[in-house]
Amino acid sequence: MPYEIVVNGRAHTVEEDGQTPLLWILRDMLHLTGTKYGCGIAQCGACTVHVDGQAMRSCSLPLEAAVGSQIVTIEAVAGVEADAVRAAWVERDVPQCGFCQSGQIMSAVALLRLIPAPTDDDIDQAMSGNICRCATYNRIRAAIHDAARTVSA
Amino acid sequence: MILGGSLVGGALVVGYTATHPMAVAGALLSGGGVDPEPSAFGPYIRVAPDGAVTVVNRQQELGQGIHAGMAAMIAEELDADWSRVTVVTARSNFRAYGPQASVGSRSISTNWDLMRTAGAAARAMFVGAAAQRWQVPPRLLAVRDGVVSHQSSSRSATFAELLTDAARQTPPQRPTLKSVSDYRLIGTERVRRKDSAPKSTGAQIYTQDVRQPDLLIAMVAHSPRLGGKPARYDPSDARKVSGVVDVFAIETGVAVVAESTAAARRGRDALRVEWDDSAAERRSSPELVRYYHDLAAGRGDVSPSDFAMKGDAPETPFRGDVVEFAFDFPYLAHAPMETLDCVAAVRGWDVSITSGAHLPSIDQVQAALTARTIPGRVDLEVIPAGGSFGRRGVMSADYVVECVRIARRTNGRPVKMIWTREDEMMAGYFRPMSHHRLWVQMGDDGLPQRWRIHTVCQPLVPIGPNSQAIEGIDGSPYFATASTVDGKVFSPSFAVPPSFWRSVGHSHGGFVMEHVIDQLARRAGRDPAAYRRTFYERAGDKRRLALLDTLCRRAGWGEPLGGGWARGIAIHETYGTLVGQVAEVRLEHGRPRVRRVVAVADCGIAVAPDQIRAQMEGGIGFGLSAALFGAVTLRDGIVQQTNFDSYPVVRMSDMPAVETHIMPSADRPTGMGEPGVPPIAPAIANALLALTGHPTRSLPII
Chain A
2 MPYEIVVNGR AHTVEEDGQT PLLWILRDML HLTGTKYGCG IAQCGACTVH VDGQAMRSCS
62 LPLEAAVGSQ IVTIEAVAGV EADAVRAAWV ERDVPQCGFC QSGQIMSAVA LLRLIPAPTD
122 DDIDQAMSGN ICRCATYNRI RAAIHDAART VSA
Chain B
10 MILGGSLVGG ALVVGYTATH PMAVAGALLS GGGVDPEPSA FGPYIRVAPD GAVTVVNRQQ
70 ELGQGIHAGM AAMIAEELDA DWSRVTVVTA RSNFRAYGPQ ASVGSRSIST NWDLMRTAGA
130 AARAMFVGAA AQRWQVPPRL LAVRDGVVSH QSSSRSATFA ELLTDAARQT PPQRPTLKSV
190 SDYRLIGTER VRRKDSAPKS TGAQIYTQDV RQPDLLIAMV AHSPRLGGKP ARYDPSDARK
250 VSGVVDVFAI ETGVAVVAES TAAARRGRDA LRVEWDDSAA ERRSSPELVR YYHDLAAGRG
310 DVSPSDFAMK GDAPETPFRG DVVEFAFDFP YLAHAPMETL DCVAAVRGWD VSITSGAHLP
370 SIDQVQAALT ARTIPGRVDL EVIPAGGSFG RRGVMSADYV VECVRIARRT NGRPVKMIWT
430 REDEMMAGYF RPMSHHRLWV QMGDDGLPQR WRIHTVCQPL VPIGPNSQAI EGIDGSPYFA
490 TASTVDGKVF SPSFAVPPSF WRSVGHSHGG FVMEHVIDQL ARRAGRDPAA YRRTFYERAG
550 DKRRLALLDT LCRRAGWGEP LGGGWARGIA IHETYGTLVG QVAEVRLEHG RPRVRRVVAV
610 ADCGIAVAPD QIRAQMEGGI GFGLSAALFG AVTLRDGIVQ QTNFDSYPVV RMSDMPAVET
670 HIMPSADRPT GMGEPGVPPI APAIANALLA LTGHPTRSLP II
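Going down the list, the sequences are from chains A and B.
Start counting the first sequence at 2; every next residue gets the next number (this note's numbering).
Start counting the second sequence at 10; every next residue gets the next number (this note's numbering).
Hints listed in this document are in silico derivations from the structure and should not be mistaken for laboratory results.
Note that this is a predicted model, so its numbers are computed, not measured.
Each hint should be verified, as a subset may be incorrect.
Heads up, simulated SDA-like pairs for lysine to any residue below, C-alpha to C-alpha not over 20 Å straight-line [claimed, not checked]:
{"no.": "1", "chain 1": "B", "residue 1": "K187", "chain 2": "B", "residue 2": "V152"}
{"no.": "2", "chain 1": "B", "residue 1": "K187", "chain 2": "B", "residue 2": "T210"}
{"no.": "3", "chain 1": "B", "residue 1": "K249", "chain 2": "A", "residue 2": "A43"}
{"no.": "4", "chain 1": "B", "residue 1": "K187", "chain 2": "B", "residue 2": "R241"}
{"no.": "5", "chain 1": "B", "residue 1": "K249", "chain 2": "A", "residue 2": "Q20"}
{"no.": "6", "chain 1": "B", "residue 1": "K187", "chain 2": "B", "residue 2": "I614"}
{"no.": "7", "chain 1": "B", "residue 1": "K249", "chain 2": "A", "residue 2": "V52"}
{"no.": "8", "chain 1": "B", "residue 1": "K497", "chain 2": "B", "residue 2": "K187"}
{"no.": "9", "chain 1": "B", "residue 1": "K249", "chain 2": "A", "residue 2": "E17"}
{"no.": "10", "chain 1": "B", "residue 1": "K249", "chain 2": "A", "residue 2": "A66"}
{"no.": "11", "chain 1": "B", "residue 1": "K249", "chain 2": "A", "residue 2": "G130"}
{"no.": "12", "chain 1": "B", "residue 1": "K319", "chain 2": "B", "residue 2": "H159"}
{"no.": "13", "chain 1": "B", "residue 1": "K497", "chain 2": "B", "residue 2": "P326"}
{"no.": "14", "chain 1": "B", "residue 1": "K319", "chain 2": "B", "residue 2": "S674"}
{"no.": "15", "chain 1": "B", "residue 1": "K551", "chain 2": "B", "residue 2": "G452"}
{"no.": "16", "chain 1": "B", "residue 1": "K319", "chain 2": "B", "residue 2": "V152"}
{"no.": "17", "chain 1": "B", "residue 1": "K238", "chain 2": "B", "residue 2": "H159"}
{"no.": "18", "chain 1": "B", "residue 1": "K238", "chain 2": "B", "residue 2": "L224"}
Now the stretches of chain B that chain A is said to cover, found in silico as 3 or more residues with beta-carbon under 8 Å [claimed, not checked]:
{"no.": "19", "region": "197 to 204"}
{"no.": "20", "region": "399 to 407"}
{"no.": "21", "region": "591 to 598"}
For each residue, glycine too, the CB sits at the ideal point set by N, CA and C.
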């Protein structure tokens with residue numbers, strides 16, 4: 002049956018099984034490939050999107066559960082926090098292979114919207130669901146602190 | 010854009026590619042591939058009409074930042090405007106680029122002369138064009154940021170303005186290279202990544218993201234047991250799944266081809282496969298460990314190869330004070346964030362592939378063999394990979410071959426094959442498990458007189474000596490005081506597939522030597538740093554002595570820490586780069602916690618300092634995962650770890666602060682992709698030794 006979902010402010014009608022993970026709807030049907038598959042079981046965070054402003058793992062969110070929510074992906078995440086985070090990521094040359102960074106950025110933006118000046122402990126907690134095998138964690142942490150300063154300035 | 014000048018003329022600019030015997034052999038072997046876009050400045054440099062420079066990178070960007078390093082070497086000698094330099098990855102083409110592979114942390118060192126020469130030759134062509142236009146001697150011209158100028162007449166012209174004339178210049182075969190003291194870019198903080206913006210916006214395209222008309226998605230059901238093959242399968246339920254196009258067996262499993270990833274997954278879940286385990290591994294990890302111990306003790310079915318690293322290998326038994334050590338290391342998964350994937354289409358004799366390749370030349374040949382065509386008819390487009398750590402660089406090109414096998418059955422439609430994380434963890438390849446047994450005969454002075462080492466490790470390369478098994482042991486500076494160093498390497502072969510894993514044999518050999526030396530220091534009642542100094546002095550190794558001094562100073566070695574924290578030191582050379590690390594460790598709830606690592610690297614001339622730091626940070630994080638948690642174990646031949654829930658890796662809260670210091674050097678540059686990995690595990694083990702008095706006999710620690 003068709004499902005209507007709202008992604009990046011636009012409504013889409015999707016003909017797919019309601020149990021299909023939102024991740025594959027975004028990637029295969031809406032061609033929003035910035036959101037990545039990394040584990041499929043909500044362990045690595047590469048698929049992180051915002052669902053009504055909350056960072057969630059799209060690999061484990063069924064299509065039917067996304068109906069009625071505002072979905073935002075890395076391609077469209079906007080606002081002062083998003084701008085500050087992306088700028089800080091580039092300024093610090095955070096990415097190495099870069100594959101996890103969409104998810105890292107989505108988690109970081111959600112964190113800053115909730116806690117504008119996060120402590121290291123806040124960062125540990127908010128980012129614990131996002132794995133980076135290149136281990137860019139220290140630059141991610143520094144970039145989040147940078148972005149927090151930009152947002153508060 | 011064609012600027013005049015042929016590919017061959019361009020290739021000649023950089024000497025090596027077209028005239029080197031390896032290139033001739035390679036051209037015969039491979040027939041090249043799709044030719045690069047012609048450029049008067051050779052296959053590595055393209056200059057657009059607006060003067061923007063594109064560097065064509067023959068190496069592969071796997072995250073290690075090699076785009077930045079390669080571009081910097083060219084841009085330095087070209088005196089290009091760094092802000093207008095971009096990088097693309099070369100397609101696989103032996104004729105134009107020679108062998109393409111990113112191995113042994115050698116991308117910077119093997120391209121050091123080649124890239125600088127290519128840049129200098131192109132610079133000379135712009136200078137030559139300006140000299141002719143202004144009728145002045147070339148030696149009176151200067152180039153800076155893409156502008157050629159003649160000071161005394163105050164004339165200047167941009168690369169864009171000179172481009173047409175420059176492209177007609179004859180490239181010099183041996184252009185003059187700058188001296189290090191004249192560098193304006195290499196070694197500075199201006200050398201930054203070129204891909205941070207697309208990697209921070211979701212715009213970077215990886216293999217997983219490739220879109221093509223008519224693209225099919227494939228998944229493969231692999232044998233749960235390593236080495237198993239499909240015997241019988243029932244495709245009927247899978248075929249009923251909406252969107253599934255075809256189901257068929259290939260050598261390594263049963264492929265499900267579908268119109269979407271979700272359909273391919275549902276189809277695979279609906280498959281029923283019976284596996285032929287006649288050639289499969291049936292043992293469990295404890296049995297394999299016992300088997301390895303038996304082999305090392307000379308009670309097994311594998312004849313060793315003997316080696317004598319120093320002196321003759323006397324059969325006389327060790328006498329007096331003999332210390333024995335034994336270490337066990339597990340299989341490890343690479344677990345790059347992007348699981349294995351590949352896009353391929355087979356149309357008649359032609360194969361086209363898009364992949365985040367790690368060994369493009371090997372992949373091209375293996376794809377040709379699989380498709381029964383010649384390598385020159387295989388067009389391999391190389392794009393950035395979402396990590397590899399060696400997994401995308403397997404000699405068998407297993408995942409490329411698997412994708413091509415599927416693409417041969419889809420009537421020319423392109424196929425994107427995607428492995429799930431479970432496929433990646435359970436089907437291999439792996440860093441091989443290993444066992445090392447050492448005997449050290451000690452002198453009255455507390456220093457080793459003789460070493461004997463037995464190593465058991467599967468070979469990574471089917472031919473030649475199993476030298477990777479004793480990487481990190483062979484050539485150790487701690488052999489300086491000994492009269493003889495000998496041993497045996499046992500190389501068992503069975504169905505668990507081993508391969509290269511970031512730092513390869515150094516990932517265990519480095520641990521063995523650096524942890525043994527701390528235990529010997531403790532036995533001799535000596536400080537671990539001072540004990541190391543004894544060996545380096547005996548060997549006259551000024552490089553290690555200088556690094557040790559810097560490391561101790563930066564880490565505050567010997568200063569009290571308090572709070573239950575202890576320091577551990579390790580210094581190890583990997584592929585020409587020397588790295589020292591001091592880790593600050595304490596036990597929290599019985600588990601080691603690492604809060605800070607001070608690291609020093611001697612990698613010759615630092616081409617891209619910030620990427621050296623990035624690789625040190627990344628290498629420490631990668632090595633820390635292996636040291637603390639990393640283990641792939643078997644039960645009845647089946648891998649027990651399936652995903653990040655059962656194969657934990659370092660997360661944000663586990664990551665220590667890292668301070669990286671780079672030794673000043675005028676030596677040729679060496680690499681940084683791997684050397685940051687080996688020291689961290691022994692540094693932690695040495696800190697735990699200081700804290701508890703107990704050595705670490707196997708990894709992982711937790």
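Earlier hints that do not hold, by number: 2, 3, 4, 7, 8, 10, 11, 12, 14, 15, 16, 17, 18, 20 and 21
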